[in-house]
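Trainee: Take a look at the letters that make up each chain.
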Amino acid sequence: MVQVNLNKPQLKETTDSNQNVNMNNIVYDTKQLNLWYGNHHALKNIDLAIKENEVTAIIGPSGCGKSTYIKTLNRMVELVPSVKTSGQIIYRDRNIFDSDYNVEELRTRVGMVFQKPNPFPKSIFDNIAYGPRIHGIKNKKTLDEIVEKSLRGAAIWDEVKDRLHENAYGLSGGQQQRICIARALAIEPDVILMDEPTSALDPISTLKVEELVQELKENYSIIIVTHNMQQAARISDKTAFFLNGEVIEFDQTDTIFSTPSDKRTEDYISGRFG
Amino acid sequence: MATSEQTEKLSIQQMIEEQRGKKAKKRIEKSIPIILFLIASISVLTTFGIVFTLIFETIEFFQRVPFLDFIFGKEWLPFSNKEPLFGILPLIAGTLKVTAIAVVVAVPFGLASAVYLSEYASDNTRRIIKPILEVLAGVPTIVYGFFALTFVTPLLQQFIPDLKIFNALSPGIVVGIMILPMIASLSEDAMTSVPNSIRDGALALGATKLEVAVKVVLPAALSGIMASIVLAVSRAIGETMIVSLAGGSTPRFDLDMTDSIQTMTAYIVQVSTGDAGFGTTIYYSIYAVGFTLFLFTLLMNWLAHAISKRFREEY
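Residue numbers (the working numbering), protein chains in the order written: chain A, 55 to 328; chain B, 199 to 513.
Hints were generated in silico from the structure; no laboratory data involved.
It is possible that part of the hints are untrue.
[Stated by the list, open to error] Derived, one-sided and incomplete: chain A residues facing chain B with beta-carbon distance under 10 Å:
| no. | residue |
| --- | --- |
| 1 | L133 |
| 2 | P135 |
| 3 | S136 |
| 4 | T139 |
| 5 | E158 |
| 6 | R161 |
| 7 | F168 |
| 8 | G185 |
| 9 | H189 |
| 10 | I191 |
| 11 | C234 |
| 12 | P243 |
[Unchecked claim] Sample of chain B residues facing chain A (criterion: CB under 8 Å; computed from the structure):
| no. | residue |
| --- | --- |
| 13 | S395 |
| 14 | I396 |
| 15 | D398 |
| 16 | G399 |
| 17 | L401 |
| 18 | A402 |
| 19 | G404 |
| 20 | A405 |
| 21 | E409 |
| 22 | A411 |
| 23 | K413 |
| 24 | V414 |
| 25 | P417 |
| 26 | A418 |
| 27 | Q468 |
We put the CB at the ideal spot given by N, CA and C, even for glycine.
Please work from the sequences and hints to get the whole structure.
Mentor: In structure tokens form, the structure reads like this:
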């Protein structure tokens with residue numbers, strides 16, 4: 055069932071903006087991952103190899119395990135008390151489930167943007183500076199630079215530059231979500247995980263976030279969960295289709311949306327269920 | 199049979215209409231608000247009654263003792279035969295000493311307990327510990343007073359040989375233990391109500407549990423925490439039994455924690471349980487002291503209200 059196209063030549067390489075990057079570099083290699091919530095088998099034998107500097111979309115109907123999977127990549131899923139896992143997720147040559155693996159270090163390298171914007175009840179500046187500060191960066195000038203760079207990176211600098219010291223809760227939902235993206239960018243992660251980042255946003259804010267994802271992939275590897283198939287088609291390079299905790303198909307986004315090899319993928323994409 | 203057939207024919211709306219027509223129901227509906235209002239006014243009237251009594255008796259007191267002597271006087275010697283002195287500062291000093299020690303004890307321990315309960319303890323641990331903490335809040339203050347006098351004071355004397363049998367330190371610590379559960383419990387409520395999504399946001403940036411607790415949850419819950427502290431302080435100010443038993447009855451205007459003191463509340467107890475005759479200056483003085491105490495707690499309650507309004511953070 056599981057189809058991983060590691061050895062297939064890239065079909066679209068010339069149109070991608072990241073030709074100069076080694077396309078064979080794998081950032082996350084998931085091997086035989088199983089996950090249970092208590093007795094519920096939520097992820098079944100997942101094998102996925104995710105490449106760097108690409109946008110990888112994960113689609114599938116509600117309850118298919120796509121959010122669980124992305125939360126496993128930075129081990130946030132372990133906050134659920136009854137979670138058990140087996141298998142491996144190799145991130146940059148190391149299994150993140152190793153007993154001596156430092157989970158804070160993993161999350162420092164792998165940023166996350168959540169479904170609902172969740173800024174801290176602090177000023178915009180303090181929101182962005184939170185990550186650098188907890189990792190020991192105290193210098194005011196350095197922090198100023200980081201905040202500006204991150205807000206520019208998240209395409210929200212012009213909207214908030216005059217109100218950096220106002221509470222982030224005064225912003226609109228779409229702005230808050232870009233603040234959250236900027237907050238993740240502030241510690242210059244390697245990978246950004248996005249768990250349905252636009253599901254709580256209006257169409258215009260969604261468009262802005264989508265454009266942002268396109269820009270960010272030059273420097274970051276992005277894994278995005280979405281229930282919006284058009285969104286996956288618009289912004290991703292690769293798409294994985296999850297169903298009932300299994301990966302049904304994983305391929306180039308173009309291929310998935312034009313000539314899926316599995317009947318269930320085709321049914322889902324054409325809107326026959328989900 | 200005939201009646202049941204009849205009712206069957208009535209539509210639900212008709213049955214409702216029939217009920218609505220009943221007069222008794224209307225009368226009850228109309229009288230209920232009046233009855234409730236009367237019951238509610240009893241507590242309001244009682245409050246007014248107390249405040250007015252306090253004010254009138256206090257005015258009577260100030261006809262005998264000059265107001266300025268009262269608020270600026272550094273000597274409280276009401277029982278002196280030659281020349282009684284009614285300067286309230288020594289009593290206020292006693293109250294503030296006990297309160298300050300109580301705060302020093304209760305705030306760090308209370309907040310640490312709250313952080314532990316809300317951020318670290320498992321649900322099971324929390325379910326066991328929280329009720330125990332609340333039992334601590336339910337211990338009668340007379341028991342605490344005895345505990346201060348017969349256990350804490352002798353214990354402290356091991357370390358501080360100069361400590362008198364009646365002092366400010368021991369009741370201060372015990373009042374701190376008494377208000378600790380209040381701070382812990384209310385602060386824990388404030389911290390638990392910080393949404394998990396905010397914690398997740400910090401954890402996803404590689405923050406440790408401690409960093410999440412101290413740099414995200416505590417600031418977000420600050421208004422609730424401050425309010426809990428202020429409420430606890432106002433209880434410490436009004437605390438009576440512990441300070442009466444273990445604090446002594448020597449009003450003094452200084453910063454000495456090891457010697458006998460007297461708080462405002464303890465003075466009122468002393469006079470009330472003694473044989474000061476009705477109509478004497480000493481009799482009126484307890485109203486003046488009570489009124490001062492009332493102002494202190496009023497100020498604290500107002501402060502708690504202002505703080506929780508001011509610092510309220512939306513999340």
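Trainee: For every hint, state whether the structure bears it out.
Mentor: Outcome of the hint check:
no.	hint	in the structure
1	L133	7 Å, holds
2	P135	8 Å, holds
3	S136	12 Å, violated
4	T139	18 Å, violated
5	E158	5 Å, holds
6	R161	4 Å, holds
7	F168	6 Å, holds
8	G185	4 Å, holds
9	H189	7 Å, holds
10	I191	12 Å, violated
11	C234	7 Å, holds
12	P243	9 Å, holds
13	S395	4 Å, holds
14	I396	6 Å, holds
15	D398	6 Å, holds
16	G399	4 Å, holds
17	L401	7 Å, holds
18	A402	4 Å, holds
19	G404	3 Å, holds
20	A405	5 Å, holds
21	E409	5 Å, holds
22	A411	12 Å, violated
23	K413	7 Å, holds
24	V414	6 Å, holds
25	P417	7 Å, holds
26	A418	5 Å, holds
27	Q468	49 Å, violated
Checked against the numbered hints above, the structure breaks hints 3, 4, 10, 22, 27 and satisfies the rest.
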